[in-house]
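Engineer: Mind assembling these two chains? They're in different frames, but the hints should get you there.
Each protein sequence line maps, in turn, to chains H and Y.
Mind the numbering: the first sequence is residues 1 to 425 in the numbering used here, read in order.
Mind the numbering: the second sequence is residues 1001 to 1235 in the numbering used here, read in order.
Keep in mind the hints are simulated off the structure, nothing from the lab.
Any given hint could be a false lead.
[Claimed, not checked] Here are some chain Y residues pointing at chain H (derived, C-beta under 7 Å):
| id | residue |
| --- | --- |
| 1 | 1048 |
| 2 | 1052 |
| 3 | 1074 |
| 4 | 1086 |
| 5 | 1088 |
| 6 | 1090 |
| 7 | 1094 |
| 8 | 1099 |
Glycine residues also receive a C-beta, built at the ideal position from the N, C-alpha and C atoms.
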Amino acid sequence: MTQTRGIDYGHAVRDAVLAGMVALLVFGPITGLQLSGYEVVARMQWPLLFAGIVTLGRFCMAVWVQTEAGERSLARMRAKRSGGVTVAEGKGKNWQQKLVPFALIGGLALPFILMDNRYWLTVVLLALIYVLLGLGLNIVVGLAGLLDLGYAAFYAVGAYVLAMGAQYWDMGFWGALVLAMVFGALLGMLLGFPVLRMHGDYLAIVTLGFHEIIRLILTNWVSFTGGPNGASAPLPTLFGLEFSRRAKQGGQPFHEFFGIDYSASYQYMFVYLILFLFVVAAIVFCVRLRQMPMGRAWEALREDEIACRSLGINHVTVKLSAFMMGAMFAGAAGVFFATYQGFVNPTSFTFIESAMILAIVVLGGLGSITGVVIAALVLIMLPEVLRDFASYRVLAFGIVMVLMMIWRPRGLMHIVRPRFTEKGA
Amino acid sequence: MLEIRDVSASYGPIQALRDISITINRGEIVTLIGANGAGKSTTLMTLFGEPRASSGQILFDGHDITHVQMHEVARLGIAQSPEGRRIFPAMTVEENLIMGTIPVGTEHAGEDMAKVYELFPRLKERRGQRAGTMSGGEQQMLAIGRALMGRPKLLLLDEPSLGLAPLIVKRIFEVIREIRAAGTTVFLVEQNAFHALKLADRGYVLVNGKIHLSGSGEELLTNPEVRNAYLGGGH
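Okay, chain Y solo, but in the shape it has when bound (with noise of 0.2 Å):
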C-alpha cells in the first residue's frame, strides 16, 4: 500500500533521513520506533511533502506522491495524528470532528461520528467543549478521531502515546488495533517500543535518520540490541 524507496530529507544542510526504505501492505500494522531526533517524525511529514524528499521515491497505491502537495497527499486516503496533536484548540470537539471529513465530505458525518464516539466515549461527554481545554488523553483522542473522519486508508499516528497515564495508553493502544480490526491500514511511529512492538505486524529501527533494524514485532522485541537500547535492558 505504501512503499517509501531510498528516501533521503533534509532540513537545511542538516540531513534529517538517509536512504529510508519501508513497506506498508494493507491491513498491516506497521510501527517505526526510535529514539528522540531519529528522524521518526521526519519520516512522516515527508511523506507529506515538509520536507520533501530530496531522492528517492513514495509509492501509495501506485501513485507517486514524491511530490504532490500536503493537502493532497490527504484527499488521496492518508490522514495523520500529528507530533503535538494539532487539535483545533479554539474550536469544539465536534467541529474539530467535522473538519476532519475534508477529504470525504460530510455525507457520512454524523455515522462516522457515532463511530468515533464508540471508540472513545470521552469524546462524546464534551463534544460541546472547547478542544484546548481538555486534558492531553483527550486531546489525543480527538486527534485520532479527528484522523478517521476521513475514512483513511492509511493512518499515521505520531507518538500517540507521549506523555500519557499509562491507563490511557492502554486505551490507545486498544483502540489502535480496533481501528485495523475494522479495516485501516496503520503506520504508527512510537518512542513506548515495548508497547509499539507488541501491537505491531512489523517493525522498523531508525537510528541517525537509516533504518537500522526490521523485522516482525516479535522478532525486535526479543533482539537483544533493542531490548537493551529501547526497553530498558528488558522487561
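One chain only, chain H, in its complex shape (with noise of 0.2 Å):
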C-alpha cells in the first residue's frame, strides 16, 4: 500500500453518492410506495431519510479509511483475514444440520397447510416472535451471562415504536421494523451503562427495575401512548398492497390486486413468512456470531470477567454490544407481535412474559440455539395443545416441566463447542 497522505475527498463523495443511490433503491419501494385510489403514490420522505443516513457514514467512512488510524484498523482487518486459524466444520453432519433443509420447506409450506386454520396459524405465529426472542435473550443470558429479567422491556418498546410510528409519523410496517431494531439497541446500550459492574441477582433486580419502568411509562403517559387503552398498530404492505378487507382512502388490497377471493388468513400468512425469514437470518447470524471473536468474548466473559480484561478484552464493549444485540432482536419481534395483535397496550409486556422468554432460554439449555428453537416452539405451543385437557391445562403444563427438568436439568440441548483449524488446512 503505497498511500500518499492527505485525503481524497472527491473520491469519498463519489461512494457516498454511489451508496445512497443503492440505499434508494433499496428503501424506495419497501418504505415510500403507497397505494392511494390506483395510483401508487410515492411518500419520499421516509427513503429520503435512510438514504440521506447511509450516504453520510459511507462518506465519514470513506474519509475514515484515509486518516492514519483508519488505514491501521483496516490493515488489522486485512492481517485477520489471512492466516490464522478459523472455525473448523464439522467432518459430517450432525442431526441438527441435516434436519435444516427439511425445517426450512416444513416452514414455508406451513402458511399453506394451515390456511383453512386460523387458529393454528396465529399459534405458530406466536411461537416463531418467542423463537426471536429467545435467541435475542439467549445472547444477552446464554453466551454473555448477564442474567436479564428485563428484557419484555425492549420487546415492549419495539411493538410501540411500530404503534406510535403509524400514529404520529405515518410509519409503516418496514420502516418501523427497521427503526424499532435501531431503537431497541440505543435502550439496550442505555440500560448497559448503569449495569456494567453488576453481576447477578443485582443485575436482575435492576433489569427487572428497568421493565417496570418502561411499562409504567408506557401505562401512565396516556397522551402520548394511550395508556391502557392502547394503540393499534398497521399489518405490513407488500410493495404497497394492503391485507385488510377494504383498504383505506380507497386503495387496492392485496386479493383485489390479484384477483382472488378475500381470506383473512392472508395477512397472517403473510406477516407468517416474513417472521420467518427474518428468524431464519437471526438464526444464521447467531451460528455466525458463535465462530467470531466477539461470540467468544461473550462466553468468556460470562466465564470469568477478570480473566477476560487481562487477556485484553475491553468488557465495557463487549458488555453493551451483548446488551445491545439482544435489545435489537427484541426490538424486531416487538414490531411482529404488535402487527401480529393489530394492537397494542402494556398489558402485554408484564413481567411473566420476561419470565417466559428467560424459561425459553434456561430451557433450552442456555446458549443452544437448537435448544432455543425448540423450546421457544414446545412452551408456547404446548398449552394449546393441552387446551383439550380444560381446567387440568396448567397443571399438566406444569408436569411436563418437572418431568424435563428430572431428566434434562441442563436443557434440552448441549452446546456442540468449535473445533478449530489451520486456514489453508
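Structural biologist: This is how it looks when you write it as C-alpha cells:
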C-alpha cells in the first residue's frame, strides 16, 4: 500500500453518492410507495431519510479509512483475514444440520397447509415470535451470562415503535422494523451503562426495575401512548398492497390486485412468511456470531471477567454489545407482535413475558440455538395442544416442566463446542 | 523493561503494598517470594491496575502504565497466568488458547498453538476437552499456554506450582526456563522459594508489603535469613 498522505475527498463523495443511490433503490419501494386509489403515490420522506443516513455514513467511512487510524485498522482487518486459524467445519453433519433443509421447507410450506386453520396459524406465528425473543435473550443470558429479567421492556418498545410510528409519523411496518431494531439497540446500551459493574442477582434486580419503568411509562403517558387503552398497529404491506378486506382511503388490497377471494388468513400468512425468513436470518446470524471473536468474548466474559480483562478484552464494549444485540432482536420481535395483534397495550408486556422468555432460554440449554428454537416452539404450543385437558391444562403443563427438569436439568440441548483448524489446511 | 518505583497500594483501609520498588530487565527471570498474605499477588495485580497504585509509578518499556486500564496493559505486551489460573472452564482447551490471542490477533494463532502444544504435549491430547474438566496441573499448563498465545514481552506467573504434584511442578519450572530461552522476560511470583530461586536470575523477598531483601537467586538461596524463613531451615 503506497498511500500518499492527504485525503481524497472526491473519491469519498463519489462512493457516498453511490451508496446513497443504492440505499434509495432498496428503501424506496419498501418504505416509500403507497397505494392511493388506483395510483401509486410516492411518499419519499422515509427513503430519503434512510438514504441520507447511508450517504453520510459512507462519506464518513470513506474519509476515515484514509486517515492514519483508519488505515491501521484496515490493515489489521486484512491481516486477520489472511492466515491464522478458522473454525473447523464438522466432518460429518450432525443430526441438527441434517434437519435444516426439512425445517426450511416445512416452515415455508406451513402457512399454506394451515391456510384454513387460522387459529393454528396464529399459534405458530406467536411461537415464532418467541423463537426470535429467545434467540435475542440467549445472547444476553446464555452467551454473555448477564441475567436480564427485564427483557420484555425492549419487546414492548419495539411494539410501540410500530404503533406510535404509524399513529404519529405515518410510518409503515417496514420502516418501523428497521427503526425498532435501532431504537431497541440504543435502549439496550442505555440500560447497559449503569449495570456494567453488576453481576448475578443485582443485575437481575436492576433489569427488573428497568422493565417496570418502561411498562409504567407506557401505561401512564396517556397523551402519547394511549395508556391502558393501547393503540392500534398496522399490518405490513407488500409493495404497498394492503391485506385488509378494504384498503383505507380507497387503496387497493392484496386480494383484489391478484383477483382472488378475500381470506382473513392472508394477512397472517404474509406476516408468518416475513417472520419465518427473519428468524432464519437471525439463526444464521447467531450461528456466525458464536464463531466470531465477539461471540467468544461474550462466553469468556460469562466464565471469568477478570481473566478476560487481563487478556486484553475491553469488558465495557463486550457487555454493551451483548445488551445491544439482544435488545435489537427484542425490538424486531416487538414489531412482529404488534402487527400480529393489530393492537398494543401495556398488559401484553408484563413481567410474565420476561419470565417466559427466560424460561425458553434456560429450558433450551443456555447458549444452544437449536435448544432455544425447540423450547420456544414447545413452550408456546404446548399449552394450546393441552387445551383438550380443559382445566387441567396448567397442571399438565407444570408436570411436563417438572419432568423436563428431572431428565434434562441442564436444558434440552448441549452446546457443541467449536473446533479450530489452520486456515488453508 | 519493567520498573516499579515506590509503589503503594491498598484494599480500602488495609495497606497491602508499601513503597515497593522492583526492576526487571529484558530477558531475565525475576522472582518475588514471600509468605501468604505478604502482597505477592497484589503486586502483580497492581501492574494491571487493580488495585490501582496509590502512589509511585510503574513503567513498562518506557510507558507509564500506572493509570492504564487493565485490558490496555494486556495489549502493551504483558500477559499473566493469574492466581487461581482463571481459565475458562466451559470452553475447550483450544478455545481458551484462542482467547489468549486477543492482544495480537489470530494471524499467528496456528503457529503459536503448535508451539504451546510442543511445550505441553498433554494439552494437545486434551485440545477438544472442556478446560474445567482437566486436572489442576493441566489447567496450570493451559493458563501459561493461554498467556503465551498473546506473544507477550513480559510474562507474569502467579504461583504456577500451587497445589501441583512435584513431577508436574518440575515440568512447569523447566518450561519457564524454555520460555525465557525463547526470548520472553518472566516475572515469577512463588511460595515455592527453593525452586523459584534456583531458576531465577534475581529475586526479591516480600514481607508484610515491603521489599525485605533482594539479590541474585544464588545469593538469596544461601542467605541464612531466607533459608530459615522460606526454605524450612535448609535443604
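Engineer: Work down the list of hints and note, for each, if the structure agrees.
Structural biologist: Hint check results:
1. 1048: holds, 6 Å
2. 1052: violated, 14 Å
3. 1074: This interface hint holds because 4 Å falls under the 7 Å limit.
4. 1086: holds, 4 Å
5. 1088: Holds, because the Cβ-Cβ distance from residue 1088 of chain Y to chain H comes to roughly 4 Å (cut-off 7 Å).
6. 1090: Since the shortest Cβ distance to chain H is 6 Å, the answer is holds.
7. 1094: holds, 5 Å
8. 1099: Given a least distance of 5 Å, the restraint on residue 1099 of chain Y holds.
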